[in-house]
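Protein chains: 2
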Amino acid sequence: MKTLQPASAPVAEVCCTPVTQEAISAEEAQRFAQLLKAVAEPTRLRLVSLIAAQDNKEACVCDLTEPVGLGQPTVSHHLKILVDAGILHREKRGVWAYYSIVPGALERAAAVLSPR
Amino acid sequence: MKTLQPASAPVAEVCCTPVTQEAISAEEAQRFAQLLKAVAEPTRLRLVSLIAAQDNKEACVCDLTEPVGLGQPTVSHHLKILVDAGILHREKRGVWAYYSIVPGALERAAAVLSPR
Chain A
1 MKTLQPASAP VAEVCCTPVT QEAISAEEAQ RFAQLLKAVA EPTRLRLVSL
51 IAAQDNKEAC VCDLTEPVGL GQPTVSHHLK ILVDAGILHR EKRGVWAYYS
101 IVPGALERAA AVLSPR
Chain B
1001 MKTLQPASAP VAEVCCTPVT QEAISAEEAQ RFAQLLKAVA EPTRLRLVSL
1051 IAAQDNKEAC VCDLTEPVGL GQPTVSHHLK ILVDAGILHR EKRGVWAYYS
1101 IVPGALERAA AVLSPR
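Chains as they are written, first to last, in the working numbering: chain A, 1 to 116; chain B, 1001 to 1116.
The hints are simulated quantities; they were obtained by calculation from the structure and are not laboratory data.
Please note: incorrect hints may appear among the correct ones.
Every beta carbon over 12 Å from chain A, so not counted as near; a handful from chain B, in silico [what the hints assert, rightly or not]: (1) PRO1010; (2) PHE1032; (3) THR1074; (4) HIS1077; (5) ARG1090; (6) VAL1095.
Interface residues of chain A toward chain B, partial, derived using beta-carbon atoms under 10 Å [as the list claims (entries may be wrong)]: (7) THR20; (8) ALA40; (9) PRO42; (10) VAL61.
In this text the structure is predicted, and so the values were computed from the model without any measurement.
Don't be surprised by glycine CBs; every beta carbon is placed ideally from N, CA and C.
Take the sequences, apply the hints, and build the full model.
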């Protein structure tokens, strides 16, 4: 079993032995599930997709509420889950925070399920 | 938007435009989330991993209860969710049902998150 990273490390940074490569431990399964749960939710998948579809690959909450049809507190809640999981990067600029996809994060989540 | 498959088609068979390729619709997001939720659970990840680690790449419930430390009804419940999502194939032989990973299913789930 691998050494666990500090609890503060986003889970997307510490993943992933592919599940089909060897029988994973209970601890690894917990960590992988935490990462996949962050994206296994329709609104969060749409938010990731909408951010990726922006010309400059970043968006503020103000860009996202209308396309998903939800209020700012709900959208901010979903964005926080994605930031905490290490999927999104958040950068405060002036009044708004801008969200972008952490390079490699989705690839690492995908690698849990299927090796490259 | 693509034509939706009949509701009876396992979700792993009808996925996936990668979320980063274009802004996905609410319907696609629902379908993708359903597929990812099937695997975004620690016990189910371990079951998939244990089945993949078997010499003949299949296992019955009798092989799986002890390694995950759960009773047969609970393990059968998790296996059913994976079968319904199109991740596992179930084949009854004699007293036991044997479970194997549907070829390509995990790769299709991974492809939602990251194109090949």
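For each hint, the structure was consulted:
Look at PRO1010(B): its CB is around 16 Å from the nearest CB on chain A, clear of 12 Å, so calling it non-interface holds up. Some Cβ of chain A comes within 12 Å of the Cβ of PHE1032(B); the nearest lies about 5 Å off, and the non-interface call is violated. Non-interface call for THR1074(B) relative to chain A: holds, since the shortest CB-CB distance, roughly 15 Å, exceeds 12 Å. A cut-off of 12 Å between C-beta atoms confirms that HIS1077(B) is not in contact with chain A; the least separation is 16 Å.
With a least CB separation of 18 Å from chain A, ARG1090(B) remains clear of the 12 Å interface cut-off, as annotated. Against chain A, the non-interface label of VAL1095(B) holds: every CB pair exceeds 12 Å, the least being about 25 Å. A least Cβ separation of about 4 Å between THR20(A) and chain B falls short of the 10 Å threshold, and the interface hint therefore holds. A cut of 10 Å between beta carbons decides the hint on ALA40(A): the least distance to chain B is about 4 Å, and the hint holds.
Hint on PRO42(A) holds. Least Cβ distance to chain B is approximately 4 Å, under the 10 Å limit. Given the 10 Å rule on beta carbons, the hint for VAL61(A) is violated: about 16 Å separates it from the nearest Cβ of chain B.
Hints 2, 10, counting from the list given before, are not met by this structure.
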